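Q: Each chain, written out:
6 protein chains.
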Amino acid sequence: MRDLRLSIPSKGRLAEETIEFLKSCGIDIYKPNPRQYEGTIPIIPGLTVLFQRPTDIVISIRNGSVDFGITGLDVLEEHRGTDGEILLLHDSLGYGKCNLALAVPESWETVQTVADLRVEVESWGRPLKVATKFPELTSRFLTAQNIPFEIVSAEGTLEIAPAIGYADMISDLVSSGQTLRDNRLRPLADGLVQASQSVLVANHSVLKTNPQALAVVRQLLEFVEAFLRAKNNLSIFANMRGESAEAIGARMFSQTTIGGLNGPTISPIVVRDGDPNWHGVHVIIHRDQLFSAISELRAIGASGVVVTPVTYIFEEEPPRYKAMLAALA
Amino acid sequence: MRDLRLSIPSKGRLAEETIEFLKSCGIDIYKPNPRQYEGTIPIIPGLTVLFQRPTDIVISIRNGSVDFGITGLDVLEEHRGTDGEILLLHDSLGYGKCNLALAVPESWETVQTVADLRVEVESWGRPLKVATKFPELTSRFLTAQNIPFEIVSAEGTLEIAPAIGYADMISDLVSSGQTLRDNRLRPLADGLVQASQSVLVANHSVLKTNPQALAVVRQLLEFVEAFLRAKNNLSIFANMRGESAEAIGARMFSQTTIGGLNGPTISPIVVRDGDPNWHGVHVIIHRDQLFSAISELRAIGASGVVVTPVTYIFEEEPPRYKAMLAALA
Amino acid sequence: MRDLRLSIPSKGRLAEETIEFLKSCGIDIYKPNPRQYEGTIPIIPGLTVLFQRPTDIVISIRNGSVDFGITGLDVLEEHRGTDGEILLLHDSLGYGKCNLALAVPESWETVQTVADLRVEVESWGRPLKVATKFPELTSRFLTAQNIPFEIVSAEGTLEIAPAIGYADMISDLVSSGQTLRDNRLRPLADGLVQASQSVLVANHSVLKTNPQALAVVRQLLEFVEAFLRAKNNLSIFANMRGESAEAIGARMFSQTTIGGLNGPTISPIVVRDGDPNWHGVHVIIHRDQLFSAISELRAIGASGVVVTPVTYIFEEEPPRYKAMLAALA
Amino acid sequence: MRDLRLSIPSKGRLAEETIEFLKSCGIDIYKPNPRQYEGTIPIIPGLTVLFQRPTDIVISIRNGSVDFGITGLDVLEEHRGTDGEILLLHDSLGYGKCNLALAVPESWETVQTVADLRVEVESWGRPLKVATKFPELTSRFLTAQNIPFEIVSAEGTLEIAPAIGYADMISDLVSSGQTLRDNRLRPLADGLVQASQSVLVANHSVLKTNPQALAVVRQLLEFVEAFLRAKNNLSIFANMRGESAEAIGARMFSQTTIGGLNGPTISPIVVRDGDPNWHGVHVIIHRDQLFSAISELRAIGASGVVVTPVTYIFEEEPPRYKAMLAALA
Amino acid sequence: MRDLRLSIPSKGRLAEETIEFLKSCGIDIYKPNPRQYEGTIPIIPGLTVLFQRPTDIVISIRNGSVDFGITGLDVLEEHRGTDGEILLLHDSLGYGKCNLALAVPESWETVQTVADLRVEVESWGRPLKVATKFPELTSRFLTAQNIPFEIVSAEGTLEIAPAIGYADMISDLVSSGQTLRDNRLRPLADGLVQASQSVLVANHSVLKTNPQALAVVRQLLEFVEAFLRAKNNLSIFANMRGESAEAIGARMFSQTTIGGLNGPTISPIVVRDGDPNWHGVHVIIHRDQLFSAISELRAIGASGVVVTPVTYIFEEEPPRYKAMLAALA
Amino acid sequence: MRDLRLSIPSKGRLAEETIEFLKSCGIDIYKPNPRQYEGTIPIIPGLTVLFQRPTDIVISIRNGSVDFGITGLDVLEEHRGTDGEILLLHDSLGYGKCNLALAVPESWETVQTVADLRVEVESWGRPLKVATKFPELTSRFLTAQNIPFEIVSAEGTLEIAPAIGYADMISDLVSSGQTLRDNRLRPLADGLVQASQSVLVANHSVLKTNPQALAVVRQLLEFVEAFLRAKNNLSIFANMRGESAEAIGARMFSQTTIGGLNGPTISPIVVRDGDPNWHGVHVIIHRDQLFSAISELRAIGASGVVVTPVTYIFEEEPPRYKAMLAALA
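Chains A, B, C, D, E and F, in that order, are what the protein sequence lines are.
Just so we're aligned: the first sequence equals residues 1 to 329 in the working numbering.
Just so we're aligned: the second sequence equals residues 1 to 329 in the working numbering.
Just so we're aligned: the third sequence equals residues 1 to 329 in the working numbering.
Just so we're aligned: the fourth sequence equals residues 1 to 329 in the working numbering.
Just so we're aligned: the fifth sequence equals residues 1 to 329 in the working numbering.
Just so we're aligned: the sixth sequence equals residues 1 to 329 in the working numbering.
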C-alpha cells in the first residue's frame, strides 16, 4: 500500500502561512528540493507531503489520490460536490481569511443591498452578467436570492470586467477592499457569498478503511487543537496572602476570569520574615482577559504576578477527532 | 463611441516583457496607479490600455469588449474558437517563447515517441488519462494521433499528477525542462503540441467597421515591424580606396553580405595626403553576418570600419498591415 | 467627543521598532491601508493610532490635536516648550537610543573637550558657528558652557558643513560614530548635549479632564511596564533536598541572587525511591544574574535546574501611573 | 583658492535620478566611499561634488560655501531670498517633476476652486489654517488670492493634519494624487502653487569674479543642453530616387517634418542595376514626429528608411550660457 | 596580558547560524562596525570576538593567536595536525551539518560502492585522480581503502572537474545532492569521508596556563549545554485526581515517558466543588515524546494538560567541562 | 575530438561583469540551468562555456583541460608557472581592476615606504611575517626588495592577522582602501605588488595544433578589440560651409582632435535657400576629446553638430591576433 498523503498549498502567502502554522503546531515539514512537489514530516513517519494548488487539493482528495489536505473553505465549497467523499476535519485553522462577496460599480448609487440588486435587475428585463472564479457558490447564492443571472468565467483581474462591459458586476475574494475601490467598485452591504479561511479535510473512504489513516488524523488534530487552544491563553503565577489554600481558592472563585481550566494550583511560599500565610497561585487565563485578570488578582490581594507563554493545551480527547469518528460511524 | 482598447498581460514575467517590448518599439505605456488595471499610451491618443490575464485577453477580444491584445499563441489557439472573431495580426513578436508538450514518467522506458505511446495505451485496454491546462489543444493533438484519451483538468502543479495517480501523464508548458526532471518526467521526442510566443491580435468586426481602429493597427504594426527588423541589423561605415563610387560598388556587389538594403551609400573622403581615391561607404547588414561582413570588407580593401546601432527600419508599407487588409476584404 | 489618539513614528527604523515594541507588550496595531496614516488597537477600543514624524508628534500633543504619543526624547526636549502641556509618562522605553553630541574636525588636535573648545573660540574673537537640527538644545548647552556661538540651520548631511565652511562644527545625533569618522569629524569627550531614547508622552489637559484618557494611559503603562520588567527576568525551577520548605528557604535567603520577587515557592517532590525530603523550588531571577544564580543554586545542593521565559511581570500598581496621578494633582 | 563645488541631492529617488541624468549627459561622478559626502567628476578636474539635501543646496549656494548645484525649483523658490545671490542657469532639466498644490478635505463639496475657498473662509470669520513645508511660497500664493490665513509648520505626513484638526487644509507636493485620495483629501482645480522640476543653479558672485567657474558652467551647460536636445531627436537615413540632390531636396522641403536642422545631406547611391538616380538622404527629425516623417518620406518616394539613436546635438553656443553672461553683465 | 579571543565564522550562512546559535544560548555578540572583524560579548567581559574563515580559525587556534573558536568539524580534522594543540570542547553544536563524500560520474554504472571503485581503479593501471578541497581527509580515507590515488587541488566548482577531464572524480561537501545531480555526478553508497557539523574548540596551552581562560570555557559550556539540553524538552503541567501525591507519583512512575528529570512536582489543587483529591502535576519531558506523554497522562487520568517552553536546563556540572579538565590533567 | 572550452568566473561580481562584458562585445552566453556549470555561445558553435573560480581557470588552462579563459591577471601571475603553457591573449579587458599591495598597521608611523620597511625589519633581527593569499607574487616582490620574510597562508579576512599576532603585515587585494582603514591598516606608498584586471588567456599547445582553436581566438579577439576601441569613440556629423570638400578638409586637418580615423567624409548638403557651399561632415573622435572637438568644430564654422553612439570599430586585423601568431611561430 502506498504512503499516506497530505497536500498543502504550493505557492504564495497561503503556502508560507500553512508551513508556518504547521511548524507552530510542532509539525515541521522537510522539503529536500525546492523545485520538487514532495516533502516529509519527520515526526509523522509514513506521511508524504504534497504541494498543490488549493483547487487541485480538493479534487485530489475527492478522487482519492490524496488522503488529507489543508486548503481554503472557499475552494472546498466550490468543488466538494455532493458525493460525500470529502470530510471536513477542522473548519477554522485561524489564518488565510478572506470573503467571497458581490461587488457592483460605485456608480450604481441605488444598489446598496442584494434586495436593491434584485429590483435593479428586474427593471432591465435581462439576466445579470456576473464575472467570477466561483460559479458554483455564486450561482447558489443568486438563485437563493431570486435574481436572474448568467455567469461569465474569467482567469483573473475580474475587477475590470464591469468597466469594459465584459460583465455587469463581479463575485470575487475581498480582503482590504482597496483593489475594489481603485477600480471604482463597491461591495454590497449584505453580499457575502462565502466567508473563508484555511481548513483541514480528508478523504472519507480512506478514513473508513485504513486504521493508519485514522492514527495520522488523530495526531494532526491533537497538535492542531492543542496549539490553537494555547494561542489564546497565558500562564499566570502570583503571590497571595491567606490563611489556607482553600481560603485563597474561595477568593479566586469569586472572580470571573481567574478560575482556571480546572482550579488554581496553590502552594505555600517561604518568605524571609517567616510569615506562614503566603501562597503561590498558578492559573491559566484567556489572553484577552489578561487586563481584567490582573485587576481581579490585585483586588483580592495578589502581588508579584508573573505571566509566561503557553505552547500547547491538551484536553481529554480532541473534540474534532470525536466528531469525525461519529461522522464515520 | 467608447475609446479603443488594447489588452496586455497583467502579471509576472510576460507583463514585464510586454511593457519592455512596446517601449523598445517606441510605444511607452503610462499607468498612473499600480493597483488599477488601466493605462494610456501618450503617442496613440484615444487608445486605452487594459491589463488582463492572457486567457481573459482572448475571451475579451472574441466577445468584443476589447479591440486589440498581446497574448500568447498557446492560449489564443486554446480559446479562439471557430467563429473567426479573432484576427491574428502578428504571430511572432519574438519573446514569451514556450512549448506545450507531452511528458511521461521517466520510468516508462519504452515510451520515447508518440507512436510508442499509442502502442503502450493500446496494450492497457483503457484510455490514457492526461492532466493539462490546455484540454482543447491536447485533445486535438491526441485525436489526430489516434490515441484513446481522457482529459483531467488541474489548476497547477501538474508535474505531480502522474506520481500521485491523478493522471497517467501530462501535457504542459515546458521551458528548460528542469522542473520536469526534478519530478521524474520526460518530454516525448515528438510530443510538441503547440509552439508558442507572444502575438498581436484584434477583433475582426471592429476592424471591418471602425476606421479609427484601422489607423491604430497601422501605427502599432509600423512600429512593431520597424523595431523587429532593426533588432537584427547594424549600420556600417567603412573607408575604401577606389577610382570611383561605381568601382567600389561593383566590388561590394561581388560579396554576399554587404550589398545593403538597396545599395551602399558611397561618398568621397578627404584625406590628409590629398589622395582623391578614398571613399566612405555606408551599408546596413544583418547582425548575425557581422563577422563575415567584416571579412568581406577587409578582403576588398576596407579599413576603419565603424559599426553603429539601428533603432528602426521602415519598409514601404508594413507587410502584415497589407496582409490584414487582404484578410478583411 | 472624538476618539482618543495615540501617535507613533511613521517611517524608517523607529517606526518598525515602535510597532515591534508595542507588539511585544501585547498591544497589536491594525493598519488596514499601508498608505493611510491611521490604525487601531483591537484590545484598546476607542483609541485611534496615527502615524506621524517624531517632531510632529510632539507639536500635535502640545497643541492638543493628539492625546498620547511615542517619540524620541531628543525631539521632545527640543520642541516641548515651557507651557507644561506635555507630560512625560515613561522616559526609557529601551529602544531608539542615540546621543546628540558636539563634533569637531579631526584636525583640531588641541580641542578634545568642551573646555578646550571654549579656549579655542575665545582665541578667535568671533562666535562659533554650529550647524545643527537641534538649535534649542544646542543653544542651551553652549550657553551653559559660556561659549559664544551662532546656530546655522540645516536639513541634513550636517557632516559636510565644516568641510565646506558652512559651519565650524556640528551638533548632531551619533550612533556608531562611523559616519563622523568617514567625514573626518571627532566627537568631543564630554560633548554629550542630550542622551535620547523612545519615550511615552501625553497631553496634560486631556488627562486632567477626560477619565477615559486616564483609563487608556493606565492600560498602556500596565502592559509597557510589565513587559519591560519581564524582559530582564527568567523563571527558574530546581529540585532541592531538605528537611522542610523552611529549611530550604533559609538556605536560599543566605544567597544573594535567588531570593525571588517575594519568596520562592517550594513544594514537595515525589521521587521514585520514596525519599520524602526532595522539594521543587520556583523563583524569578534577573536575567543577567543567571550565571551566579546557577552557581548559588548548585552551592546549596540544587539539581535539575529548568529555566523558562517570562512574558510579563505585574507589580501592585504601575509606579509611573502613580507618578502621573501625582503630577496631575 | 579652494576647489570649485557642485552640490547634488544626497538621498532617495532624486539623488539617483540626478546621478543618472548627469551620466546620460556624459558627466560621470566618482564617489569613493558610499558613506562620505564627497565625489569628483573625472572629465571636469578641479570640481568637487558634494551630496546635500535639496534645501541645504540652496542655502549653501546662497551663502557662497558651494558654487553650483542641482536642486528642485520648489525649494529654490522657497529659500532663494531676495539678495540675488542665486543665479538660475537651467530651469528645466526634465526630471524630478512635482507640483506644490493646495488640497482640501473631500467633504468640502462646495470648495472646488481657490475662489470657492475664499468664499468659504470669509464665512468662517477666522483665518484659514494651512499645514505646509513651504510657508514662503504658500503665503505668497494665498496673499495674492486675498485669503486670510495662518501657516502651521510640519515635519512630514501633512496628509493627516486636516483629519486630526491640526490644520484646516494642506499645501503639499503632489505626484499621482493617490496619497491624497487615501487620506480623503482633494486638490483644488486651480490650486497649483508652484510647478517644480530639477534645475541647475550657481552662486552669482563666484561667476562674476572667477573665470574658472565660468569655464565649468560652460562645460556643464554644453553637455546638459546637447543631451536634452538629442533626447527628443532621431537620425534618419533613407534611399530616394531623383534626378539630382537638388530635386530631392526640393521634394523634402515641400514637407513639414523632414527639413532637418539645416538641410538634409544627400549623396548618390550605387545600385546593382546601375541606375544613377538613387540617392541616400540623411536628416535629423523630432522623435515625436517620427510617424508623420515616415509617411512624408514614403509620400515622396523614399524606401529603406533606417532610424538610429542620437547622443548629443550641439548648437553654435549654449543659449543658456549666453543668457547667463547677459545676466552677469 | 592580552584579552582572550573567540573566533567565529565571518561569512555566509555559517556566520549567521553561529551568531543565532550563540544568541539562543544567551550569548549576544556586539559588533560595532560591520566591516571590522572584531566584536565583544557584553556578558563575558574580557573576551574579544574575532570573525575569520573556518580554516583560518583552526590555524589561528593551533598557533595560539586565538584561544577559542567555533568552526566546522570538517576543516578542523583537515587542519588540526598532530601536535595536540587543539582541544575539541564540544563536538556537536547541532547546526552547520554537511558530509564530505566521494562522488563519481553517473555514467560509471558499475561503481556503486568504495569496493567497486577499488576494482575499477585496479583495472586502469594508473592512480585515481580526485579533485578536492580536503586533501588530508581524502588521502587518509583512500589510503585506508587501499585505492591508489593522486589528489588534484581546486579552489571551487569541483563538480565540473570530472566532465572536463581535470580529475576522475571528486571528494566534496554534499548537502541535498542536487548540485551533484545537476552535474551528472552520484555519491558512492558508502563513500562518507567525514560527517561534519559546527564544533567548539580551544587552544590546549592557554587552558593549561590561564585560569581566566578556564573560567570563560566554563561559562561558554554552561550556556551551550543548558541551551542544547533545553531545546529538546518541554515543561508540562496537568491536573490529576488521586488520594495523595505519592499515589499520583506511583501512577506516573508506572509510565515510560513522564518520570521527569528527578521526580514530578505534585501540589494540591483547590477546586470549586471542594473535592480535596485534585493535584497539579509538573514534569519535564522530551519534546519528541510529547505525543506518547499526552497519551500516558490521559491513561492515568490527567486532564488540562498545559505545555510551556523551556529556555535552559542546567545539570550539576557541564559534563564536557569535566571531560576537558580530565583531558588537561 | 572534444568541443573547445572557454572558462569564465563562476561567482560574484566578476562573474556578472564578465557575462556583461562579453554581451557588450556581441557574445551572448546561453546557460540553460543556473546550477550547472556549462553554457554555450550561439554565435560561436562548437565552443562550450565553463564556469570556474579564477584560480581553477588558470590551472585548467595550464594542464590543458580548458582551452581559453577569462580570469584576473593577479591569479594568472600567481599560478601560471614557468612552462609557457599559458598564452596571454589580451591583458587589459578594462574591468575587474584591483591591486595586490602591501599594508602595515597604522601604528607603524615610521614605515611609509618599502625602504622604511626594510630598515624596520633589519632592526628586528627576524624575518617579517606576511599573511597573504598570493605567496608566489609576494615572495617575488619581497625577495627583489631584499627583505627577509616568511609567508603565512590564510583563507580570508587577512585584515585581522596583524591585530591578532598571526602575522606582522599583509599583502592583499585593495580597492577603495576602506576595509584596511576600518582594521587600522595602511598601504605602503610604493607597495604595489601587482596591478590586476581581467585578461583573456589560452592554452599554448592547443593553439599550435588545432586550427579550429585559432579560428575561435580570432573571432573572440575581433569582437573584444572592436568593442573596446568603440567604447572610447563617438561618431560626429556637422554642417559646414566651404567652397569645396577639400577646403573644408584642410580646415579640419588644421585642428588637433577632428582628423578622423582616416579622413572625414564630406558631402554636399542641399539647403533651403539654394546656397551650394554647405557640406555635411562626418568624423569619428575620441570620447574624452568631445569638448575640445566641439570647440574646434565651432572655431572652423561648423553648426548643427550631431553626436551618435558607436558599437564597434574594426581595424584591418586585430593587432593582438597578429601578436599571438608571432608568439606561436
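Quick caveat, the hints were computed from the structure, so don't treat them as lab data.
Incorrect hints may appear among the rest.
It does not matter which identical chain is used: a pair holds within one copy or between any two.
Once the Cα atoms are required to be at most 20 angstroms apart in a straight line, the calculated EDC-like pairs of lysine to aspartate or glutamate come out as [said to hold, decoys possible]: (1) K208 / E106; (2) K23 / E150; (3) K23 / D288; (4) K133 / E246; (5) K231 / E155; (6) K231 / E246; (7) K231 / E20; (8) K208 / D83; (9) K11 / E159; (10) K231 / D91; (11) K133 / E155; (12) K133 / E159; (13) K231 / E16; (14) K97 / D116; (15) K133 / E16; (16) K11 / E38; (17) K97 / E243; (18) K11 / E109; (19) K31 / D3; (20) K31 / D273; (21) K133 / D275.
The structure displayed is predicted, hence computed values, not measured ones.
Q: A separate judgement is required for each hint: does it hold in the structure or not?
A: Verification of the supplied hints:
1. Proximity of K208 and E106 under a CA criterion of 20 angstroms is satisfied in neither setting, with 51 angstroms inside one chain copy and 34 angstroms between copies.
2. Taking the shortest alpha-carbon separations for K23 and E150, neither the intra-copy value of 43 angstroms nor the inter-copy value of 39 angstroms comes in at or below 20 angstroms.
3. Taking CA atoms no more than 20 angstroms apart as the test, K23 paired with D288 passes between copies only; the shortest distance there is 14 angstroms, against 24 angstroms inside one copy.
4. With identical chains, the CA atoms of K133 and E246 are never at most 20 angstroms apart, being 61 angstroms at best within one copy and 63 angstroms at best between copies.
5. In this homomeric assembly, K231 and E155 never come within 20 angstroms of each other (Cα to Cα): the closest approach is 37 angstroms inside a single copy and 33 angstroms across copies.
6. For the identical chains of this complex, K231 and E246 are neighbours neither inside a copy (30 angstroms) nor across copies (33 angstroms), given an alpha-carbon limit of 20 angstroms.
7. Taking the shortest alpha-carbon separations for K231 and E20, both the intra-copy value of 14 angstroms and the inter-copy value of 19 angstroms come in at or below 20 angstroms.
8. When the C-alpha separation of K208 and D83 is checked against a cutoff of 20 angstroms, the pair qualifies only within one copy, where the shortest distance is 15 angstroms, while the shortest distance between copies is 50 angstroms.
9. In this assembly of identical chains, the alpha carbons of K11 and E159 lie at most 20 angstroms apart only when taken from different copies (14 angstroms versus 22 angstroms within one copy).
10. For the identical chains of this complex, K231 and D91 are intra-copy neighbours only, at 17 angstroms inside a copy versus 32 angstroms across copies, given an alpha-carbon limit of 20 angstroms.
11. In this homomeric assembly, K133 and E155 come within 20 angstroms of each other (Cα to Cα) both inside a single copy, at 7 angstroms, and across copies, at 12 angstroms.
12. When the C-alpha separation of K133 and E159 is checked against a cutoff of 20 angstroms, the pair qualifies only within one copy, where the shortest distance is 12 angstroms, while the shortest distance between copies is 23 angstroms.
13. Taking the shortest alpha-carbon separations for K231 and E16, only the intra-copy value of 19 angstroms comes in at or below 20 angstroms, while the best inter-copy value is 24 angstroms.
14. In this assembly of identical chains, K97 and D116 lie within 20 angstroms of each other by CA distance neither inside one copy nor across copies; the values are 28 angstroms within and 46 angstroms between.
15. For a Cα distance limit of 20 angstroms, the shortest separation of K133 from E16 qualifies neither inside one copy, at 23 angstroms, nor across copies, at 25 angstroms.
16. In this homomeric assembly, K11 and E38 come within 20 angstroms of each other (Cα to Cα) only inside a single copy, at 13 angstroms, whereas the closest approach across copies is 27 angstroms.
17. Taking the shortest Cα distances, K97 and E243 never come within 20 angstroms of each other, neither inside one copy (50 angstroms) nor across copies (48 angstroms).
18. Proximity of K11 to E109 under the C-alpha cut-off of 20 angstroms is found in neither arrangement, the shortest distances being 38 angstroms within a copy and 32 angstroms between copies.
19. Proximity of K31 and D3 under a CA criterion of 20 angstroms is satisfied intra-copy only: 16 angstroms inside one chain copy versus 38 angstroms between copies.
20. For the identical chains of this complex, K31 and D273 are neighbours neither inside a copy (59 angstroms) nor across copies (46 angstroms), given an alpha-carbon limit of 20 angstroms.
21. Proximity of K133 to D275 under the C-alpha cut-off of 20 angstroms is found in neither arrangement, the shortest distances being 71 angstroms within a copy and 58 angstroms between copies.
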